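Residue numbers (our numbering), protein chains in the order written: chain U, 1 to 107; chain A, 1 to 410.
These aren't lab readings, by the way, just hints derived from the structure by calculation. Don't take each hint at face value.
Unchecked claim - Straight-line distance between alpha carbons at most 25 Å, and here's what the computed DSS-like set of lysine-lysine pairs gives:
1. U:K73 / A:K161
2. A:K161 / U:K102
3. U:K73 / A:K147
4. A:K161 / A:K327
5. A:K134 / A:K147
6. A:K327 / A:K393
What the hints assert, rightly or not - To spell it out: a stretch of chain A is covered by chain U in this simulated footprint if at least three of its residues, at any positions, have a beta carbon under 8 Å from a beta carbon of chain U; those stretches are:
7. 263-272
8. 308-318
Fair warning: this is a prediction, and the values are worked out from it, not measured in the lab. Just so it is clear, CB atoms sit at the ideal spot from N, CA and C, and this is done for glycine as well.
Here are the chains, one letter per residue:
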Amino acid sequence: MTDQIFATNSLDNVVFNEEGFMDDASAWTPEIGEAIAQTLGIQLTDRHWVVINFARNEFETNGEAPTIRRITKNSGVETKELYALFPGGAAKIAAKISGLPKPTGCI
Amino acid sequence: MKTFLILGAGTGGTMVANKMSELLDPDEWRILIVDRDETHFYQPGFLFIPFGIYGPSDVVKPKRNFIPPNVEMILSDIEVIEPEASRVKLVENNRVISYDYLVISTGSHIHPEETEGMVNGGWHENIFDFYTLKGATALSRFLKFWKGGRMVLNIAEMPIKCPVAPLEFIFLADWFFHERSMRDDVEIIFTTPLPGAFTKPRASGILGGILADKGIDLVPDFNISEVDSSTNKIKSYDGREIDYDLLVTIPTNMGSDVIERSGMGDELNFIPTNKHTLQSEKWENVWIIGDAGNVPASKAGSVAHFMLDVVVENILRHMEGLAPLPKFDGHANCFIESGFEKGILIDFNYDVEPLPGKFPLPGLGPFSLLQESPANHWGKIAFRWIYWNVLLKGGEMPFESQMTMAGKWA
Ligand SMILES: Cc1cc2nc3c(=O)[nH]c(=O)nc-3n(C[C@H](O)[C@H](O)[C@H](O)COP(=O)(O)OP(=O)(O)OC[C@H]3O[C@@H](n4cnc5c(N)ncnc54)[C@H](O)[C@@H]3O)c2cc1C
């Protein structure tokens, strides 16, 4: 119950676009990440945080949310595990929880 | 003597060699181009091979025919690029070439082994690619005798070169089976990791509509994890399974192995490239044209052509100590074969997605945009002649490098 309240509170002032990605990546905090994950029905574990921290880092250096292949090649989390951690579109869901824009990756 | 070195003598490299041989002073510069293959493949023609429209001899010519005499052509695998030392090592005779300027045009290649189970078992038996001449030819033999069943076309992973080619394949297959009076015996399924039929929303909607009209099932968001060729199934990471009798795949596309060996690429061996100037993000005297770079534009011959003027102008500016101009706008222009001797034309860039309208082309057009028409089909067929006779030679094409909004319905 307390978790629930905590979650809603942390998202009160957060602005999302129509696809559910945060408008301003710099406004993200780990608490907001937890709260977004909860709305998506995901309980964050250490393995999730490996991916989230990697994604945040990537965004800071490259200005883009990482693609699935970039995550699996460089973060130590394999593709199968990645999909299990973030069901329903690994790179997209990871970006949402990490407060990043939608990964481009495809043209 | 200064050295201008080009790696890869495919579409992009050949155009650069032709342009530079006209522009650089032969007393001051020597121009070299390296490729491991002496045959130039007209890759857009691979699409027509499975259906017997083109044969292998329609899509190959010796590379040398397109390299000007004052350019030294070296036939060799490239061992490694050492950009810090401005040096390239070749496999042939362990030759080492130091360069003043380097253009990389080593392209993008398929890697079926990246998907579990793809190459052991049914590979080139009932699993085929058509991105290589070998794959396309094997598939044409298979289709000649196929009695029907379920054909699944799968895109393994984005980005792929010529992102419209899978759609064209499906449209042509639908036509091919109609012509052979066996369309009712074939179920066609298109599985893609994208959320729709194409990468850009408006075109995706329209092309998705055409798929539906032709009775083709679209399975979006399908990220293939495995091929099980003992039971003829493909599986996705989220646990879906699809049976096939014939699997046609666009395997993972990656930049050349030499880019990986040289530590110059991203996770798919594509080289980080400035998307507007086409200069390497890391080394000033390294420039990238065509599929080898990571610019977020389509990987297509037409795009390489639109890159040409920008790359050449910027290299010449750099030689004069001037800053490069951010002129490349991501312009792409593709004829999409839609079967029944019709085609669709799309024209887009980094900022503007494909729009409906008319494409004004003096002498040949107008062509309808994002709509089926016979003229667009003939445009595609004419492209082969234009490719060999005009495009590779870096000649003038009736298109501007930068996109225009004329005729488009925004
Ligand atoms: C089925 C299919 C359909 C297509 N249809 C169209 C279309 O309709 N319209 C369109 O515009 N484009 C189309 N394309 C895409 C187009 O063919 C490519 O985008 C274009 O050829 C890219 O040019 P490039 O110079 O970057 O690479 P390429 O032309 O592929 O050349 C790369 C060269 O580098 C050489 N090379 C690579 N690594 C090494 C090494 N280590 N050592 C030595 N040599 C090396 C290779 O041998 C090759 O000759 C299609 C492609 C395919 C596969």
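Results of checking the hints against the structure:
1. Proximity of U:K73 to A:K161 is assessed by CA-CA distance (about 21 Å); at most 25 Å being required, the pair is judged to hold.
2. Our distance criterion of 25 Å between C-alpha atoms is met by A:K161 and U:K102, whose separation comes to about 22 Å.
3. Of the supplied pair hints, the one linking U:K73 and A:K147 is violated, its CA atoms being roughly 42 Å apart against a limit of 25 Å.
4. In summary, the hint linking A:K161 to A:K327 is supported, as the alpha carbons are separated by about 22 Å, within the 25 Å threshold.
5. Simply put, A:K134 and A:K147 have alpha-carbon atoms about 22 Å apart, close enough for the 25 Å limit, and the pair holds.
6. Annotation: proposed proximity of A:K327 to A:K393 holds, straight-line Cα distance about 22 Å (limit 25 Å).
7. By the rule of at least three residues with a Cβ nearer than 8 Å to a Cβ of chain U, the coverage given for the stretch 263-272 of chain A holds, with 3 such residues.
8. Residues of the stretch 308-318 of chain A lying with their CB closer than 8 Å to a CB of chain U number 0, which falls below the three-residue condition for coverage.
Checked against the numbered hints given earlier, this structure breaks hints 3, 8; the rest are met.
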